[in-house]
Every structure is written in structure tokens, then in C-alpha cells.
Amino acid sequence: MSHFESPLREPLITGNKTYRQITDDIVHPTEGTPGLVWLISVGLAGLVALFGVFCLTWTICYGIGTWGVNSTVGWAWDITNFVWWIGIGHAGTLISAILLLFRQRWRTGVNRAAEAMTIFAVVCAGLFVLLHTGRPWDVFFIFPYPNTRGPLWTNFNSPLLWDVFAVTTYLTISLLFWYTGLLPDFATIRDRSKPGTFRWNFYNIMSFGWIGTAKHWERFESLVLILAGIATPLVLSVHTIVSFDFATSVIPGWHTTIMPPYFVAGAIFSGFAMVLTLMIVARKIMGLQDYITIAHIESMNKILLLTGTMVGTAYLTELFVAWYSGSMIEQYAFANRAFGPYWWAYLSMMSCNLIFPQFFWIKKLRRNIAFTFFASIIVNIGMWFERFVIIAISLHRDYLPSSWTSYAPTWVEVGIYVGTGGIFLTLFLLFSRYFPVVAIAEVKSILKTSGNQYRKEQMEEVKDQPAYHDADARLIYKID
Amino acid sequence: MSTKKYLVGLFDDDHTLLHAIENAVEQNMEMSDVYTPFPVHGIEDKMKMRRTKLHTAGFIFGLTGTITAFSLMAFANAVNYPINFGGKPVFALPAWIPIMFEFTVLFSGVGMVLTFYYLNNLYPGKKPEIIDPRLTDDMFAITFDMTKDSSNKSNLSEFLKKEGAVEVFEKEF
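If you read the protein sequences in the order shown, they are chains A and B. Everything in the first sequence is counted per the working numbering, starting at 1 for the first residue and increasing by one. Everything in the second sequence is counted per the working numbering, starting at 1 for the first residue and increasing by one.
It is possible that part of the hints are untrue.
Said to hold, decoys possible - Keeping only pairs whose Cα atoms sit at most 20 Å apart, straight-line, the calculated SDA-like set for lysine to any residue is:
no., chain 1, residue 1, chain 2, residue 2
1, A, K17, B, D13
2, A, K448, B, H41
3, A, K215, B, D137
4, A, K215, B, E129
What the hints assert, rightly or not - Some chain A residues flagged as far from chain B (calculated, every beta-carbon gap over 10 Å):
no., residue
5, V42
6, T197
7, L347
8, S348
9, V418
10, E457
In case anyone wonders, no lab produced these hints; they're calculated from the structure. Fair warning: this is a prediction, and the values are worked out from it, not measured in the lab. Just so you know, even glycine gets a beta-carbon here, dropped at the ideal spot from N, CA and C.
Turn these sequences into a full structure, and let the hints steer you where they fit.
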């Protein structure tokens, strides 16, 4: 047993599950013919994705002149959406890496889906980076390689280049982390199907021939722990570097040292919101309520509350520092955010991100599924507006009033954004159909400590033992 | 191909399995392998397994990454093409730290995962020797190698049954 856990803690697996039932429940959605709901959802998401691809092609054919960007507002929806997607892509690795290091058992219920979501979100984010260059066919120029143009190397002092390395590294490591965790579960699916069938062969290839010997598991645990150890600073570095894109520039509203922690908190905030949005629907449709329990949702809501409050504090700190700096231009940038032509975006950001999560101080609301779902959508919207406020609003009125302008997206930009939503959903739906959505092996490994029937046994064991209160006045029972 | 023969004891509980492993090691029985559907903590200690050195590999890969990134940037920006970016020094070590870090993580992660696959001999398309399909579901197994010497078979199956194995059978590959 890895560590002691108080029997008073809420069980993380309910329904008196056995190992066999865990396998059945999680593998079941991947078996049989797909349901009508799934087919219709994939069809719709696929159509939206196709429209996105159409707008993307349109951009490539006619250039970014088809967008609403201009020489004053050079970054708008493209980078807003890039940062939004990258932010969403932060929850998965946070859940599986940081929560693993912190020994948070509730991560096992949601880590698989969150990691998948991370990868899909980073793919969507990558599309925007690719497109915003204007000449996506020349995009290999951003990688340093010996060439005949000089040799002309990339500028390693530029945060934009750091971003290239940060995002690609993040995608690679997340993918490896996710896939290695999937091997044993693919083997489980393989062993449930008939040898020799297409299904058996497919999942055997996917599982790399995993059979689960003790030595394999020992290496597996070691690998996962160290990957978690290196992925933790990585996940923090990615959004830090994304924020450097802004913080190291000299645009009023961007040039602030608060950016890195503020962006990282915002990324975790939006990532968890998206995990909640997807998982609340998925647990219902796929019948996973015993693995993604109210306790899981409450834990994630607590993180929403924490990170939302951090982000809110950053908003207020920014305002204070702008005033305190005594710099007229800095002060104007923030006054313009709140009272300028885009006041509605600023108001949405403030109310969605700063005010709304405060409802989660109330336990009843943290444990209310309908409210949580609603709140997670609100946070997703709010975090989109945050990026729009930072990027487009800061740019549209900068130092030279003669170049002040406004910005509105064209149908192409909106189409690409909506399209990435479709791509994201299509990938997620395919994932939920063919992959085990919950980490089977990991859930089994916590069954005897966190399953409800075992909790009951633990309570029986400690019932007659002397209890004591620790510093936080929590009731602690000594067992073993 | 010579056939491999194993004596398999199937267990339905991880605690019984741990206990059986402990006794097998105590009685100097040479287990061929242990199979579990999920990582059971304590097996590696009970089996007196040599601890994996995967983390050392990870460290070396990481260091390779750091050095690669540093030398690439130093060569490109300070030696091969020392361009003046706004009067900043060409040898700009602080500005290189982010990429050095990313390379460290990238090399360490990719290297470790590949080493993991290599050591475990896992690759797409591998034909696995599946002792029993329930071993990735809810069963645990201890196997003894019977290929060369099957003289103590009855002893071993007796032992497995005594330790609480729900099924004892032979498996050939």
C-alpha cells in the first residue's frame, strides 16, 4: 500500500465493484455496434470540422487578407484561439502529472480522458499557429536546420521560437505519457475479444503485445513517475512561454511581469472547465457514474475555485499596477479595456472568471451536476474573452492614435474557430468509442483503498479504535 | 522452435498473490514470472527484484538534450551566424534557458519511453504469449518454468493450491 488514507474520505469508486466489473463497465462502450446518439454526434461534429477545413483551405488559398486582422490589430482571433486551446490542453497533463506527484487518487477516474483532451486541444492550437504565419507551406522555416540561405538560423532569443519548442515538446510528451498508460488497457480490450479476429489483432497492435508481467509493471511505474516528474515543470513552462510572447513585448497591457503565473493559472482554470464539460456528458452517456463520482466533480470544482480566484486576483493586480505605475499609456490601456468600445468583452471576462467561480464556495453547488456543467461552460466562454481582451483590445489602441482602429472577425475566422471545435469533438468522440475512457488498470489499483465497500470495511476495522484529532481537527483513525 | 512449458497458478486476489510470492521466495522456488492486471505494490520487494535503472537512462537522455540544445544555439547564434538582434549579446545564455529546458524534457521523455519499450521488448505487432486472457482482467498468476525440468511439478502445483490458487494448469507455447 502506498500511503495511508483516512477511511472518512469519500469513496472514489462506488457501486461495490469487483475487478471484473471495472473491466466490463469501462470496456463495454467500445464493444458492439455504435449507438445512434454516437453516430449522429460524430456526423454533426464531422460536418462542423469539414466546414472548418473549408475555411482553413480558403485562408490558405486567398491569404490572411480574408481575416479581419489589420496592421494595427495583427493578432486577433488566431492567437486568441491558439492561447485558448493551449490553455484547455493544460488540464490533462496537470491531472496526470502533478496530481500523481501529489498522490491524489481521484485523478485515476479522469486522467485518461483529460489527457486525450489535452492532445486534441494542442492539435487545434497548432492549427492556428500554422495558419497565422500566413504562409503555412513555409512553416518549416521556424525549425533550426542547416540551410542554403546564409546559413540563416532562427533567433533563439525570441519567445516566439521558444513557443515552437515548448508546444511541440508538450505535444510529444503528452502523447507518449498518454499512450504508454493506454498499453495495459488496450491489452485488456484485446484479451476480451476472440483471438484471430480483426478486433483482437487491432488491439494487439495498439497494445504493443503487453502481457503485464511484474517486471513490466515495475518499469512502467518507474517510467510513469519520472515522466510525471519531468512533465510537471513542462506543463508549467508551456503557458509561461506562451505568456512570454506577450510579456516580453512593449505593448501596453502586455508588458507585465505578472503574465507567466497569471497565464498558467488561467490555463489550468480553462482546462478543468473543459474536462468538466466533457466528463459530465461522457459519464452520463457511457454510464461511468461509479468511476467519475460527485467526489471527482467536487475536487475539480475546488480547483476551478482556486485557479479562478488566482486569475481574478491577477486581473485586479494588473489594474492596480497599471494605476500605480504612473504611466499614462499603461493606465489608458486598462481604462480602455474596461470602458472602451470592447467593454462588453472585458465585462464578460470579469464576470465569468472572477465572479462566477466564487459560487463554488458553496458545497451544495460544488456537488450539483447541472450547476457545474453550466459553470464550466461559463468559464470556457470567460477564458476565451480573457485572451481576446488581452490580445485584440490591447492592440487596437496603442501608442499612435492615428493608427487606432477596431477589429471584427470575418466569417472565415469564425469558421476556422468553430471548425476546430468540430475537429476537437470528432477526435474526442472517436476516442470515447475506441479507447478505454477511464484508466482501467489505475482504477483497479485504487479499488481496495478507495472503493466504497472497502471503505466500509476500513470503517468497521477502526470503529472501536481510539480516534484523535489532528491540527485541522479532522478525525483520524489509526489502522495497521 | 522448442516449446516452452509453464505451470500456471491463477489467483483471484492480490493479497493472496503477495502472500504466495513471499512463501515461494522463502522456500527458494524459482518463479518464472508473475502476471497482474494492474501494478500491485510490494511485488517487486517480495520478489527481491532488481530495481529498474530507467531513471538513470532518463537522466542521461536529459543531459544529452541539454547539451544538444546548448551547443546548437551556441553554434548557430554565436559562431555560425552571429547576427545582431537589437544590440543584444550573441552569446545570450539566459535567453537560451527555455529551449535548453524543453530539449532536456523532450530527450529525457522520448528516450525513456523508447528504452522502456526496448527493455520490455514491446512493439506494435508483437505476438504476445498470453498465459490466460483473464490476466489483464481480474486474475493474477504465478508461473513456473517446466521446459527443461518438470520433475517437481506435483510439488509446485501442491504449493500453488495450498497458497490459494483458484486454478492450476499447464501452458505450452
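Inset, instruction - Just pull the numbers of the violated hints for me, sorted ascending. - result: none
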